[in-house]
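Enquirer: My request is simple: use the sequences and hints to build the entire structure.
Protein chains in written order, with this note's numbering: chain A, 1 to 237; chain B, 238 to 482; chain C, 483 to 711.
Check before you lean on any hint, since a few could be wrong.
[What the hints assert, rightly or not] These stretches of chain A come out as covered by chain C in the derived footprint (C-beta under 8 Å, 3 or more residues): (1) 139–149; (2) 198–211; (3) 217–229.
[As the list claims (entries may be wrong)] Taking lysine to any residue pairs in the SDA-like style, the calculated list, with each CA pair at most 25 Å apart, reads: (4) C:Lys644 x A:Val194; (5) C:Lys644 x A:Pro205; (6) C:Lys644 x A:Gln59; (7) C:Lys487 x C:Asp647; (8) C:Lys644 x A:Asp220; (9) C:Lys644 x A:Ser207; (10) C:Lys644 x C:Arg693; (11) A:Lys204 x A:Leu114; (12) C:Lys644 x A:Arg64; (13) A:Lys204 x C:Trp648; (14) C:Lys644 x A:Val221; (15) C:Lys644 x A:Ala118; (16) C:Lys644 x A:Tyr233; (17) C:Lys644 x A:Val133; (18) C:Lys644 x A:Asp138; (19) C:Lys644 x A:Leu206; (20) C:Lys487 x C:Arg693; (21) C:Lys487 x C:Val500; (22) C:Lys644 x C:Glu595; (23) C:Lys644 x A:Pro184; (24) C:Lys585 x C:Lys487; (25) C:Lys644 x A:Asn49; (26) C:Lys644 x A:Gly68; (27) C:Lys644 x A:Ser210; (28) C:Lys644 x A:Leu225; (29) C:Lys585 x C:Trp648; (30) A:Lys204 x C:Asp647.
The hints are simulated quantities; they were obtained by calculation from the structure and are not laboratory data. Glycine residues also receive a C-beta, built at the ideal position from the N, C-alpha and C atoms.
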Amino acid sequence: MSAAPRRPGPGFLRGAWIVAAKDLRIEWRTLETLSAMVLFSLIVLVVFNFAFDLTTVRQVGAARLVPGVLWVTFSFSGIVGFARSFAIERHRDSLSALILAPVDRSVLFAGKTLANLATVAALEAFILPLSAVFFDYDLLSLFGPLVLVVLLHTVGLSELGTLFAAVAARVGRGEALLATLLFPVASPLFISAVKCTAAVLDGKPLSAVSSWMLMTAGFDVLYFLVAILTFEYILED
Amino acid sequence: MGDVPILEARRLTKRFGALTALDALDFDVLRGESLAVFGPNGAGKTTLTRILTTSLRMSSGSLRIDGRDPRTHEIETKRILGLISHQTFLYDDLSARENLIFFARLHGLDDPSGRAEALLDSVRLLDRADDPARTFSRGMQQRLALARCLIHDPRIVFLDEPFTGLDPYAAALLRATLERLRHEGRTLFLVTHNLAEGLELSDRWMILAGGRIRAQGASADADRLAFERSYFEHVGGSPPGGART
Amino acid sequence: MKGGKEILTVVLLAVTAVLMLGAIYMVFVYAPEERVMGPVQRIFYFHVPSAIVTFSSVMVLLVASVGYLSTRRAFWDNLSRAATEIGLLFCTVVLVTGPIWAKSAWGVWWTWEARLTTTLVLWLILAACLMVRGYAENRDQGARLAAVLGVVAALDVPIVYKSVDWWRGQHPVVFGPGKKEPLAPEMLRTFLFCLLVFFLLYALLLVLRTRVATLEDRARSLSETLGGR
Numbered sequence: 001m002s003a004a005p006r007r008p009g010p011g012f013l014r015g016a017w018i019v020a021a022k023d024l025r026i027e028w029r030t031l032e033t034l035s036a037m038v039l040f041s042l043i044v045l046v047v048f049n050f051a052f053d054l055t056t057v058r059q060v061g062a063a064r065l066v067p068g069v070l071w072v073t074f075s076f077s078g079i080v081g082f083a084r085s086f087a088i089e090r091h092r093d094s095l096s097a098l099i100l101a102p103v104d105r106s107v108l109f110a111g112k113t114l115a116n117l118a119t120v121a122a123l124e125a126f127i128l129p130l131s132a133v134f135f136d137y138d139l140l141s142l143f144g145p146l147v148l149v150v151l152l153h154t155v156g157l158s159e160l161g162t163l164f165a166a167v168a169a170r171v172g173r174g175e176a177l178l179a180t181l182l183f184p185v186a187s188p189l190f191i192s193a194v195k196c197t198a199a200v201l202d203g204k205p206l207s208a209v210s211s212w213m214l215m216t217a218g219f220d221v222l223y224f225l226v227a228i229l230t231f232e233y234i235l236e237d
Numbered sequence: 238m239g240d241v242p243i244l245e246a247r248r249l250t251k252r253f254g255a256l257t258a259l260d261a262l263d264f265d266v267l268r269g270e271s272l273a274v275f276g277p278n279g280a281g282k283t284t285l286t287r288i289l290t291t292s293l294r295m296s297s298g299s300l301r302i303d304g305r306d307p308r309t310h311e312i313e314t315k316r317i318l319g320l321i322s323h324q325t326f327l328y329d330d331l332s333a334r335e336n337l338i339f340f341a342r343l344h345g346l347d348d349p350s351g352r353a354e355a356l357l358d359s360v361r362l363l364d365r366a367d368d369p370a371r372t373f374s375r376g377m378q379q380r381l382a383l384a385r386c387l388i389h390d391p392r393i394v395f396l397d398e399p400f401t402g403l404d405p406y407a408a409a410l411l412r413a414t415l416e417r418l419r420h421e422g423r424t425l426f427l428v429t430h431n432l433a434e435g436l437e438l439s440d441r442w443m444i445l446a447g448g449r450i451r452a453q454g455a456s457a458d459a460d461r462l463a464f465e466r467s468y469f470e471h472v473g474g475s476p477p478g479g480a481r482t
Numbered sequence: 483m484k485g486g487k488e489i490l491t492v493v494l495l496a497v498t499a500v501l502m503l504g505a506i507y508m509v510f511v512y513a514p515e516e517r518v519m520g521p522v523q524r525i526f527y528f529h530v531p532s533a534i535v536t537f538s539s540v541m542v543l544l545v546a547s548v549g550y551l552s553t554r555r556a557f558w559d560n561l562s563r564a565a566t567e568i569g570l571l572f573c574t575v576v577l578v579t580g581p582i583w584a585k586s587a588w589g590v591w592w593t594w595e596a597r598l599t600t601t602l603v604l605w606l607i608l609a610a611c612l613m614v615r616g617y618a619e620n621r622d623q624g625a626r627l628a629a630v631l632g633v634v635a636a637l638d639v640p641i642v643y644k645s646v647d648w649w650r651g652q653h654p655v656v657f658g659p660g661k662k663e664p665l666a667p668e669m670l671r672t673f674l675f676c677l678l679v680f681f682l683l684y685a686l687l688l689v690l691r692t693r694v695a696t697l698e699d700r701a702r703s704l705s706e707t708l709g710g711r
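Expert: See the structure below:
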């Protein structure tokens, strides 16, 4: 039993994939996070429909209302998921074992972010058609550009969400601190997300919001790099 | 055994802000040796273990593990370390096998499932391999944790209060496994406040209190009563400073 | 700790106090009244320097955070804490003086106008950085997490600024290409003087706050030594 060959650890991408696959396997098995997120977003959607009366919705039109509703829903339920992704590591302190693995700590960030991105994307795949029904807009004709816009902004949301969830988990706080950290810092992302989503719903081409899309792409890249560089300090005991 | 140190700490100091948790510790652990570290709660034992396993930075001093500075060779160092604590570090919703395969992959091992199979066999969990870890008793969880710790064949195994919460059978099994690890020539670093267990499983002992090494000696010629007297003298004689806040 | 530094601090305090009186004189007596807005325009002399100081404080925060993460010296952490707190203070000044001016200029206390929104977001970010320190289990952890947030926050500020600017803008442009008529020379002089005084005030507060944090460290360490051994 003492004959395991000594190898270098897995590389960055492979390591991140191993961590993400583990998280997704747990999620697939229990569906705890996703079911909590789905239920929560349903509640948010319903509350929004209480908040706006029907005449307002008809007057203002879907394109003005839906972007805000969607992104509030995505980000609030995202927070539920981000917080839980570190709660499973705290339960038996498995984070300590992850830290001991012969991989750079940024690998853990990339893996967690990937799993969170997949979870939030799964939620969005459920909520988008539902919102089309609730708010009566034609999803099919807008499908391509809308998916692109949603994914581009979800990447940045997942990065910041994962980074701040790690911070919140480190000081033993959950969603409340995560929300306090995430919303102000992610405000450029929200502004851009709402602008781009509104443009798509208005039937404009994506080129009309190309500067927003570029800014968000830059935001995604910047915070990926920042998180890669700073994650080890968060995980330090 | 040999007389080559695998772990050398020189003036190892850890401060949390104004508080000195570990105060200029000097010690070696020899290759293949088993060192038991005793001390009361808040003596700095867990802090020391965290520093030696690279998850916490020391404030000053120097540390060499297997001849390397763990700060500049973190990945290489982590490859030869294993850690067991009273927490299992496992995922409740994964099966025993999936847990081990995950950690084997994360360590970049060649044949994760083969390796997991071999370890499940060695801790006698093969018949429960595909049950989720949450259904395991405390003792079985600790055996699985042991398998997780040994998955990458570490040369130094750190044990931080491994006997906490184990029933007598599970404790006996863990003792037997640790004896086997010693015979295989692995270095053990055992942190405990259980004097009898620690002395039995070690070649050498060290008493840590208030962030300092108060006494040390060889376990074989330790007269149990004299050792215990000296333990309480050192531990009782110093107020519980050095606690982590 | 003592000697030269003490004297320098006292000199800085005295100079700031005297110049502050001078600034108040210039704002209320020397500078001419603006024709359209009347006396309320004089808020500009406090509002804009506070805003500039706030944004500079974010730069100090960035430098101090990077400094702490790379050296782990308590000084950098104390500086970053001081920059966060005092930045928050000046940010509050901006957020209070802005609406007072807006009420008479635009007829509303608050609009979701670009710079105002940016400043509010910045205030929230700085407050969040302070919150994490309060939650931390120990001094080291608080310092480390706050430093990470400091880096993230400081890099975020220009992005927030730019995105909110694109989003909407109706803030008066006093300097730069959008301005039709130049500022009266007395006004410009008053403004520059106020800017200088606010920077001196900022430097003074930063030095004092950093010093207090260092003394707090020492007091804690002394009480540990006396109580713990």
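Enquirer: Against each hint, give a clear statement of whether it holds in the structure.
Expert: Structure-based check of each hint:
{"no.": "1", "hint": "139–149", "result": "violated (count 0)"}
{"no.": "2", "hint": "198–211", "result": "violated (count 1)"}
{"no.": "3", "hint": "217–229", "result": "holds (count 4)"}
{"no.": "4", "hint": "C:Lys644 x A:Val194", "result": "holds (16 Å)"}
{"no.": "5", "hint": "C:Lys644 x A:Pro205", "result": "holds (23 Å)"}
{"no.": "6", "hint": "C:Lys644 x A:Gln59", "result": "violated (32 Å)"}
{"no.": "7", "hint": "C:Lys487 x C:Asp647", "result": "violated (42 Å)"}
{"no.": "8", "hint": "C:Lys644 x A:Asp220", "result": "holds (16 Å)"}
{"no.": "9", "hint": "C:Lys644 x A:Ser207", "result": "holds (19 Å)"}
{"no.": "10", "hint": "C:Lys644 x C:Arg693", "result": "violated (35 Å)"}
{"no.": "11", "hint": "A:Lys204 x A:Leu114", "result": "violated (30 Å)"}
{"no.": "12", "hint": "C:Lys644 x A:Arg64", "result": "holds (23 Å)"}
{"no.": "13", "hint": "A:Lys204 x C:Trp648", "result": "holds (18 Å)"}
{"no.": "14", "hint": "C:Lys644 x A:Val221", "result": "holds (17 Å)"}
{"no.": "15", "hint": "C:Lys644 x A:Ala118", "result": "violated (29 Å)"}
{"no.": "16", "hint": "C:Lys644 x A:Tyr233", "result": "violated (29 Å)"}
{"no.": "17", "hint": "C:Lys644 x A:Val133", "result": "violated (35 Å)"}
{"no.": "18", "hint": "C:Lys644 x A:Asp138", "result": "violated (33 Å)"}
{"no.": "19", "hint": "C:Lys644 x A:Leu206", "result": "holds (20 Å)"}
{"no.": "20", "hint": "C:Lys487 x C:Arg693", "result": "holds (11 Å)"}
{"no.": "21", "hint": "C:Lys487 x C:Val500", "result": "holds (20 Å)"}
{"no.": "22", "hint": "C:Lys644 x C:Glu595", "result": "holds (13 Å)"}
{"no.": "23", "hint": "C:Lys644 x A:Pro184", "result": "holds (14 Å)"}
{"no.": "24", "hint": "C:Lys585 x C:Lys487", "result": "violated (44 Å)"}
{"no.": "25", "hint": "C:Lys644 x A:Asn49", "result": "violated (33 Å)"}
{"no.": "26", "hint": "C:Lys644 x A:Gly68", "result": "holds (20 Å)"}
{"no.": "27", "hint": "C:Lys644 x A:Ser210", "result": "holds (15 Å)"}
{"no.": "28", "hint": "C:Lys644 x A:Leu225", "result": "holds (20 Å)"}
{"no.": "29", "hint": "C:Lys585 x C:Trp648", "result": "holds (24 Å)"}
{"no.": "30", "hint": "A:Lys204 x C:Asp647", "result": "holds (22 Å)"}
Hint violations for this structure: numbers 1, 2, 6, 7, 10, 11, 15, 16, 17, 18, 24 and 25, all remaining hints satisfied.
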